[in-house]
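K.L.:
Sequence:
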Amino acid sequence: MANSNEHIENYLKEYLQIDRPSYAVLIKGAWGSGKTYFVKDFIANNLGKKNNSTLKPVYVSLFGVKSKDDIDERIYEAVHNIFGKPISKLAFSVAKTAALVGANVLGGPAGQGAASGAMKEAEKIGKQLRKVNDNFVLFFDDCERAATNLIELLSFINPFVEDDGLHCVIVADENVWNEQFKEKNIKQKNIYEIANSTQEQNQTRQLRYQIDEIEEKSRTQSLRFVKEKVIGREFLIKTNVEDVLNQWLNTSDKSLGFSDRTKKLLKDNLDILLRVVSIANVSNYRAIRYSLMDFDLFIGGRIKQKKIPEYLLKNNEFNSLFIADFFSIHYAFYLGNLTEGEIGVETPDGERIKAYMHHSYEIPSTAWERHAEFYSSIERLSANTGDYGKKWFDVWKSWIKDGQYDVEYVRRLIKESIWFDKKLSSTYQKIYRWPFLPSSEGTEAIEAFYAALKDEALLNTNEIFSLFYHLYWYAKKGALKQSGDEFIKEMESYVQRVKAKNKLIYEELDSKDYILQYHSIYKEYEDKNEAFRNFLENMQQQAKEKQREKSKNDFFVCLESGNVKKIVKACSLISKCNGCDELFVLSDIDINRFVDVFLSYDPDSQNRIRTALVERYDCGRVKKEDELAFLKSLRCCVQEKFNEPIKDGALSKTTSQFGLHYFQMTLNKILGNREK
Numbered sequence: 071m072a073n074s075n076e077h078i079e080n081y082l083k084e085y086l087q088i089d090r091p092s093y094a095v096l097i098k099g100a101w102g103s104g105k106t107y108f109v110k111d112f113i114a115n116n117l118g119k120k121n122n123s124t125l126k127p128v129y130v131s132l133f134g135v136k137s138k139d140d141i142d143e144r145i146y147e148a149v150h151n152i153f154g155k156p157i158s159k160l161a162f163s164v165a166k167t168a169a170l171v172g173a174n175v176l177g178g179p180a181g182q183g184a185a186s187g188a189m190k191e192a193e194k195i196g197k198q199l200r201k202v203n204d205n206f207v208l209f210f211d212d213c214e215r216a217a218t219n220l221i222e223l224l225s226f227i228n229p230f231v232e233d234d235g236l237h238c239v240i241v242a243d244e245n246v247w248n249e250q251f252k253e254k255n256i257k258q259k260n261i262y263e264i265a266n267s268t269q270e271q272n273q274t275r276q277l278r279y280q281i282d283e284i285e286e287k288s289r290t291q292s293l294r295f296v297k298e299k300v301i302g303r304e305f306l307i308k309t310n311v312e313d314v315l316n317q318w319l320n321t322s323d324k325s326l327g328f329s330d331r332t333k334k335l336l337k338d339n340l341d342i343l344l345r346v347v348s349i350a351n352v353s354n355y356r357a358i359r360y361s362l363m364d365f366d367l368f369i370g371g372r373i374k375q376k377k378i379p380e381y382l383l384k385n386n387e388f389n390s391l392f393i394a395d396f397f398s399i400h401y402a403f404y405l406g407n408l409t410e411g412e413i414g415v416e417t418p419d420g421e422r423i424k425a426y427m428h429h430s431y432e433i434p435s436t437a438w439e440r441h442a443e444f445y446s447s448i449e450r451l452s453a454n455t456g457d458y459g460k461k462w463f464d465v466w467k468s469w470i471k472d473g474q475y476d477v478e479y480v481r482r483l484i485k486e487s488i489w490f491d492k493k494l495s496s497t498y499q500k501i502y503r504w505p506f507l508p509s510s511e512g513t514e515a516i517e518a519f520y521a522a523l524k525d526e527a528l529l530n531t532n533e534i535f536s537l538f539y540h541l542y543w544y545a546k547k548g549a550l551k552q553s554g555d556e557f558i559k560e561m562e563s564y565v566q567r568v569k570a571k572n573k574l575i576y577e578e579l580d581s582k583d584y585i586l587q588y589h590s591i592y593k594e595y596e597d598k599n600e601a602f603r604n605f606l607e608n609m610q611q612q613a614k615e616k617q618r619e620k621s622k623n624d625f626f627v628c629l630e631s632g633n634v635k636k637i638v639k640a641c642s643l644i645s646k647c648n649g650c651d652e653l654f655v656l657s658d659i660d661i662n663r664f665v666d667v668f669l670s671y672d673p674d675s676q677n678r679i680r681t682a683l684v685e686r687y688d689c690g691r692v693k694k695e696d697e698l699a700f701l702k703s704l705r706c707c708v709q710e711k712f713n714e715p716i717k718d719g720a721l722s723k724t725t726s727q728f729g730l731h732y733f734q735m736t737l738n739k740i741l742g743n744r745e746k
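Numbering (the working numbering), first residue to last: 71 to 746.
Careful: at least some of the hints might be erroneous.
Stated by the list, open to error - Capping the alpha-carbon separation at 27 Å, the derived lysine-lysine pairs in DSSO-like fashion look like this: (1) Lys136 to Lys83; (2) Lys297 to Lys308; (3) Lys492 to Lys471; (4) Lys492 to Lys569; (5) Lys569 to Lys582; (6) Lys376 to Lys333; (7) Lys639 to Lys493; (8) Lys337 to Lys374; (9) Lys635 to Lys616; (10) Lys493 to Lys471; (11) Lys646 to Lys616; (12) Lys471 to Lys376; (13) Lys559 to Lys620; (14) Lys620 to Lys598; (15) Lys485 to Lys573; (16) Lys138 to Lys126.
For the record, the hints were derived by calculation from the structure and aren't laboratory data. Bear in mind that the values here come from a model prediction, so they are computed numbers and not experimental data.
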């Protein structure tokens with residue numbers, strides 16, 4: 071940036087050496103082109119005590135000003151920084167006027183009260199102002215945002231140049247200003263009446279065009295006259311995105327809103343930022359800066375407890391995808407190409423069907439879809455197909471809409487990705503495409519497989535089986551260092567090892583018919599593949615039986631605990647509600663023990679068990695017919711308990727009789743419903 075605008079800096083330095091200049095300097099540029107940053111950078115590097123300069127910069131934003139009094143108010147606020155202490159508005163106003171004409175404030179009779187105090191203060195300020203008046207440099211920024219037109223605003227600024235002899239630098243987006251001016255002129259056209267007949271309309275239109283042309287010419291001439299009177303030199307800011315970003319990311323200036331951690335990440339991915347801006351075909355520095363500030367907030371760059379920990383941002387590939395996604399979306403958002411309501415929105419199916427019915431090849435797309443297509447040449451997280459990309463859609467939508475996100479969820483989303491916890495598995499899964507991979511990637515995939523065996527990271531039984539019949543085929547063809555028999559021996563040893571540590575994750579194996587549809591290599595060594603399948607399935611069956619026994623024991627532990635929460639958990643197993651242990655089989659339980667526990671309960675807990683049984687069958691959660699035998703056995707046990715004689719007229723036994731009676735009714739209802 072310094073190189074592209076060095077000529078402006080050099081001119082401003084010469085301009086500031088002129089004693090009482092009679093003109094102002096105009097610095098132009100598009101919105102977000104870096105005008106303000108250029109001016110503030112120039113002030114920081116050339117003016118003030120730290121630069122051994124006697125010139126005192128007064129930076130004033132003209133946003134919303136309507137009059138010269140408003141400008142004086144802004145200057146009054148800025149002068150606080152020069153004097154380093156609060157001063158009253160009255161004192162400043164009096165002192166400023168006196169300083170400009172070289173008069174003494176206390177030349178007349180003293181006032182009374184507050185006015186008298188202000189006059190004394192004004193005299194002190196006036197002396198200082200008379201000393202520094204010639205050293206003031208006024209920087210007027212945001213001129214296009216003033217609540218007045220260009221001619222009036224320049225008229226407000228002119229006295230500072232013509233009467234006060236001050237150095238003035240005006241910063242403005244002249245293009246926007248002219249557009250606003252034209253819009254005002256267009257609005258004036260609406261005062262003409264619209265005639266009824268076509269002929270009268272044409273005549274009126276012609277007359278309006280003639281009048282408008284004269285008005286536009288007159289106003290343009292006035293504008294040119296005022297600009298020539300006030301502005302002596304104009305410059306256009308020329309910026310280079312790479313220069314600006316390099317300056318931002320290499321400066322120690324904390325006011326930019328980036329932490330050192332953020333700067334390091336962005337510097338390492340500078341090419342991504344440049345590609346996004348290049349594709350957008352708009353170099354808007356304000357939008358770029360806001361996007362990068364948001365990135366710093368998202369990762370928690372400037373807070374002690376980082377939102378995204380350091381170790382989750384150490385993978386270069388993930389960082390590039392993450393930054394590309396974040397920056398492309400946020401830059402589009404700040405440019406106005408995306409709104410918060412459009413993030414993650416896709417074309418409704420109805421619109422797609424309608425386009426298809428009308429034989430249209432152009433299905434109407436949403437802003438979000440257009441954005442995704444626009445940046446399709448850049449790899450991004452949300453461009454991932456499947457569930458992972460959708461999860462990042464939701465993160466961006468929440469962040470842009472609410473300014474917050476579920477930090478723990480995003481940490482898990484990153485940690486459990488292929489760049490971290492699943493990195494090894496994502497690499498060895500390339501084995502399925504080994505014949506189509508470059509030699510280096512094939513070697514990497516095999517090495518990742520053996521690394522997974524060493525780290526005991528390959529735990530899913532179906533995945534173990536799938537990799538086995540692929541790699542056994544390669545071993546038989548001599549592509550592995552091991553022979554086929556050596557490979558079988560290693561795989562069986564590995565499975566036994568992780569099984570002994572209870573690390574295996576049991577999943578139903580793909581059927582032979584399913585495999586043969588997609589993998590013809592299975593057929594060539596089918597006997598060995600089926601033998602390994604039986605090895606895994608036998609192990610799986612043993613584990614299931616062991617788990618079923620454990621589930622049955624856990625069920626009675628909950629049931630006999632006397633704790634309401636644990637009893638409710640046991641009832642959930644009976645009703646087989648969603649999320650319950652799938653290996654728990656009710657028909658495996660000891661029926662006598664179950665009924666004895668039931669009798670030990672109070673009426674409320676007994677009712678919970680009866681309700682759970684009804685839900686189990688009425689909701690159709692269990693359809694296995696072998697439970698009919700269990701239910702009949704359970705009813706017989708209840709009847710036997712009910713028919714036992716009451717000894718010594720025990721009241722507790724009478725209470726149990728009522729519980730058993732209702733239990734019988736429940737079982738009769740269930741059996742009756744099922745037998746129908």
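K.L.:
Against each hint, give a clear statement of whether it holds in the structure.
P.N.:
Outcome of the hint check:
1. With a C-alpha separation of about 31 Å, the suggested pairing of Lys136 with Lys83 is violated against the 27 Å cut-off.
2. The hinted pair formed by Lys297 and Lys308 meets the criterion: a straight-line CA distance of about 22 Å does not exceed 27 Å.
3. For the proposed pair Lys492 and Lys471, the alpha carbon gap of about 30 Å is over 27 Å, so the pair is violated.
4. About 21 Å separates the Cα atoms of Lys492 and Lys569, which keeps this hinted pair within 27 Å; it holds.
5. Under the criterion of a C-alpha separation no larger than 27 Å, the hint pairing Lys569 with Lys582 is consistent with the structure, at around 24 Å.
6. Restraint check for Lys376 and Lys333: the C-alpha separation of about 15 Å stays at or below 27 Å, so the hint holds.
7. Distance restraint check for Lys639 and Lys493: the Cα-Cα separation of roughly 37 Å exceeds the 27 Å cut-off, and the hinted pair is therefore not satisfied.
8. Taken as a hint, the Lys337 and Lys374 pair is honoured in the structure, with Cα atoms around 22 Å apart against an allowance of 27 Å.
9. Restraint check: the Cα-Cα separation between Lys635 and Lys616 comes to about 26 Å, which is no more than 27 Å; the hinted pair holds.
10. Restraint check: the Cα-Cα separation between Lys493 and Lys471 comes to about 32 Å, which exceeds 27 Å; the hinted pair is violated.
11. As the CA atoms of Lys646 and Lys616 are separated by approximately 20 Å, the hinted pair is consistent with the 27 Å bound.
12. For the suggested pair Lys471 and Lys376, the alpha carbons sit about 22 Å apart, so the restraint of at most 27 Å is met.
13. Note on Lys559 and Lys620: the hinted pairing is violated, with a Cα-Cα distance of about 31 Å set against a maximum of 27 Å.
14. A distance of roughly 33 Å separates the Cα atoms of Lys620 and Lys598; the hinted pair therefore is violated under the 27 Å criterion.
15. Proximity of Lys485 to Lys573 is assessed by CA-CA distance (about 20 Å); at most 27 Å being required, the pair is judged to hold.
16. Between the alpha carbons of Lys138 and Lys126 the distance comes to roughly 21 Å, so the proposed pair stays at or under 27 Å and holds.
Comparing the model with each earlier hint shows violations of hints 1, 3, 7, 10, 13, 14; every other hint is respected.
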